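Asker: Once you've looked at the hints, dock chain S against the given chain C.
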Amino acid sequence: MILVVAEQREGKLNRASWETIAAAQELGGELKIALAGAGIEALASELAAAEAAEVIVVDHPALGDYTADGFVAALSALVEQEQPSHVFFAHTYQTRDFVPALAARMNRALITDVTGMRKEGDGLLFVRPIFQGKLTADVAAEGPAPHLVTCQIGAFRADSARRGAAAAPVRTASVTIDAAAIRQKPEAPFKEAKQAVDLSQAERIVAIGRGIKSQENLKLAEQLAQALGAEIAASRPICDSGWLPMDRQIGSSGQTVAPKLYVALGISGAIQHLVGMKGSRTIVAINKDAEAPIFEIADYGIAGDLFEVVPAMIAELQK
Amino acid sequence: MKIAVCIKQVVTREWQLRVNDSRSWIRDQDASFELNEPDAYALEEALRLKEKHGGEVVVCSAGPARAAQVLREALARGADRAIHVESDAFVSADAFVIAEALAAAAREEQFDLVLTGLQSDDQGFGQVGVVLAEKLGMPHATIIMEVQKTDAGLRVKRELEGGWFQWIALPMPAVLTIQSGINQLRYATLKGIMAAKKKEIRKVTPSATTAAAQRIVNVYFPEKGKKTQMLPGSAAEAGKALVQKLRDEARVIS
Numbered sequence: 001m002i003l004v005v006a007e008q009r010e011g012k013l014n015r016a017s018w019e020t021i022a023a024a025q026e027l028g029g030e031l032k033i034a035l036a037g038a039g040i041e042a043l044a045s046e047l048a049a050a051e052a053a054e055v056i057v058v059d060h061p062a063l064g065d066y067t068a069d070g071f072v073a074a075l076s077a078l079v080e081q082e083q084p085s086h087v088f089f090a091h092t093y094q095t096r097d098f099v100p101a102l103a104a105r106m107n108r109a110l111i112t113d114v115t116g117m118r119k120e121g122d123g124l125l126f127v128r129p130i131f132q133g134k135l136t137a138d139v140a141a142e143g144p145a146p147h148l149v150t151c152q153i154g155a156f157r158a159d160s161a162r163r164g165a166a167a168a169p170v171r172t173a174s175v176t177i178d179a180a181a182i183r184q185k186p187e188a189p190f191k192e193a194k195q196a197v198d199l200s201q202a203e204r205i206v207a208i209g210r211g212i213k214s215q216e217n218l219k220l221a222e223q224l225a226q227a228l229g230a231e232i233a234a235s236r237p238i239c240d241s242g243w244l245p246m247d248r249q250i251g252s253s254g255q256t257v258a259p260k261l262y263v264a265l266g267i268s269g270a271i272q273h274l275v276g277m278k279g280s281r282t283i284v285a286i287n288k289d290a291e292a293p294i295f296e297i298a299d300y301g302i303a304g305d306l307f308e309v310v311p312a313m314i315a316e317l318q319k
Numbered sequence: 001m002k003i004a005v006c007i008k009q010v011v012t013r014e015w016q017l018r019v020n021d022s023r024s025w026i027r028d029q030d031a032s033f034e035l036n037e038p039d040a041y042a043l044e045e046a047l048r049l050k051e052k053h054g055g056e057v058v059v060c061s062a063g064p065a066r067a068a069q070v071l072r073e074a075l076a077r078g079a080d081r082a083i084h085v086e087s088d089a090f091v092s093a094d095a096f097v098i099a100e101a102l103a104a105a106a107r108e109e110q111f112d113l114v115l116t117g118l119q120s121d122d123q124g125f126g127q128v129g130v131v132l133a134e135k136l137g138m139p140h141a142t143i144i145m146e147v148q149k150t151d152a153g154l155r156v157k158r159e160l161e162g163g164w165f166q167w168i169a170l171p172m173p174a175v176l177t178i179q180s181g182i183n184q185l186r187y188a189t190l191k192g193i194m195a196a197k198k199k200e201i202r203k204v205t206p207s208a209t210t211a212a213a214q215r216i217v218n219v220y221f222p223e224k225g226k227k228t229q230m231l232p233g234s235a236a237e238a239g240k241a242l243v244q245k246l247r248d249e250a251r252v253i254s
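Residue numbers (the numbering used here), protein chains in the order written: chain C, 1 to 319; chain S, 1 to 254.
So that you can see chain C by itself, here it is in the shape it has in the complex (with noise of 0.2 Å):
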């Protein structure tokens, strides 16, 4: 059996949560599905529309704000009592966070941002990326079962995750959790940006990499993004150092979308970017360095200088 254990926030669920229900069911045989927090019924019946064995909620006071203690707590627990072959994770920033503590406590293996599965005899090969995505690793899980198993956001598809003919059915597990026993004490999150910029809504993109070398370049992109009738972005260098306000920003940490023509200039393609873009309908990328591997997911590639391509490119769109 298979467990997958989704995520919430504030009574929404994480959408890779789909991701992770679509990796795990792409194995085969039976799929169990946990989430863990405070008052979380309605998301569980929200889960129970996937195809599954059941949908199992931890739900205790303790859990209600998120803290790695908690959740090792809570979690080892229902593993121990459900006894998985495998435990499905996205690979978010709450995972990274406290699923290496759990892999730990219960000395079993954990395999971090997995891209594909493969069967190979009677075992499992996992995919992952090393060396920053310029090379992939067919790894293997060492020690006895349940091995952990942590899912790149985007590398699987929310909408080919399978929907039950009927719910599945929803049961409430209990464990006990030492609320005094919880380290981490956290306080409420917040947003550092003043105006929310939603590019999650946006039909084109224009996104700026190192490559754009200076502030006052961004004026040639900013041309390039009306001329498309695009919003402008960054990868993460950019807004590091002021170029453009935080909520400019694609990527891991911060925002991802899929917009229906996505534009990257001077950008190399580092994973925490591509995890945030590469679900675009057309990419197009103009970078000096035709080894860089934003070209492995690029629609269009222009190996050459910006500096001289935009404005050809603007000139045209001015026709």
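Note that these hints are calculated values from the structure, not bench results. None of the values given here were measured: they were computed from a predicted structure. Each residue gets a CB set at the ideal place from its N, CA and C atoms; glycine is no exception. Among the hints, a few may not be true.
Unchecked claim - To spell it out: a stretch of chain C is covered by chain S in this simulated footprint if at least three of its residues, at any positions, have a beta carbon under 8 Å from a beta carbon of chain S; those stretches are:
id : stretch
1  : 104-111
2  : 254-265
To be verified - Which chain C residues face chain S? A few, computed with CB under 7 Å, are given here:
id : residue
3  : ALA49
4  : ALA53
5  : ASP97
6  : LEU125
7  : GLN132
8  : ARG183
9  : ASP240
10 : TYR300
11 : GLY304
12 : ALA312
Answerer: Below, chain S alone, put in the same frame as chain C:
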């Protein structure tokens, strides 16, 4: 505050990767190496905490003999001393093996705070810091963008996804994994490099080898997910052709 910073030596970003003959790892005999960039931010944060609150910064690495290079570099930037858990087995080891080696070295030192980068540029597990915390019995917090010392312990700013942040209080001793960009890095001065020569790098032989939790079966260059149309010609020709294709073929602009 007695602070440990766990660092890793990785191949430089510019180095052209090659896969070894058994396809189990890279062929790194003639590679150039550097300090894993996320760990450089962890080191910088430790140095700033020491400057503010006093104490000692000890850099720790589990790696082969050549990893002494990054320990020396950290000493030149201002760390007080180093611990090198040395074994060739650490070159492509998994997170459990590395974390156990670091934990064994850290146990006898009684650190108040242990910092690591959030992940390494080579294997990118993103696990060592959190596994280390569990092994040492310490609380942890990850992807940290600010560290404040309080009377009760620490108050740290955790980065969440999508532009969200959260402050978390936790007691010391604790383990934090540091997000890149938390601070501005300093580089070693000539004076620092000279001083580093007199600083101690204590070599530790790993006592027992922990069982690995995962095994690399095959390493290869990624297959292209999409067929990319590379547009040839001069920049002006390619730019013009691109706009036409976006209009007539992809139909994403009118």
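Asker: Look at each hint and say if it fits the structure.
Answerer: Each hint tested on the structure:
With 6 residues carrying a beta carbon less than 8 Å from a beta carbon of chain S, the stretch 104-111 of chain C meets the three-residue requirement, and the given coverage holds. Counting residues of the stretch 254-265 of chain C whose CB lies closer than 8 Å to any CB of chain S gives 5, which reaches the minimum of 3, so the coverage claim holds. Taking 7 Å as the C-beta contact cut-off toward chain S, the hint placing C/ALA49 at the interface is violated, the least distance being around 24 Å. Here the hint on C/ALA53 is broken, as its CB sits about 27 Å from the closest CB of chain S, past 7 Å.
Hint status for C/ASP97 relative to chain S: holds, with the closest Cβ pair at about 5 Å, below 7 Å. The closest approach between the C-beta of C/LEU125 and any C-beta of chain S is roughly 6 Å, which is under the 7 Å cut-off, so the hint is satisfied. At about 6 Å, the closest approach between the beta carbon of C/GLN132 and any beta carbon in chain S falls short of 7 Å, and the interface hint on this residue holds. With a cut of 7 Å, the hint placing C/ARG183 at the interface with chain S holds, because the nearest CB-to-CB distance is about 4 Å.
With 7 Å as the threshold, the beta carbon of C/ASP240 comes within range of chain S, its nearest partner Cβ sitting at about 5 Å, so the hint holds. The criterion of a C-beta within 7 Å of any C-beta in chain S is met by C/TYR300, whose closest approach is roughly 5 Å, and the hint holds. Because the closest C-beta pair between C/GLY304 and chain S is about 5 Å apart, less than 7 Å, the hint holds. Hint status for C/ALA312 relative to chain S: holds, with the closest Cβ pair at about 3 Å, below 7 Å.
The earlier numbered hints that this structure contradicts are 3 and 4.
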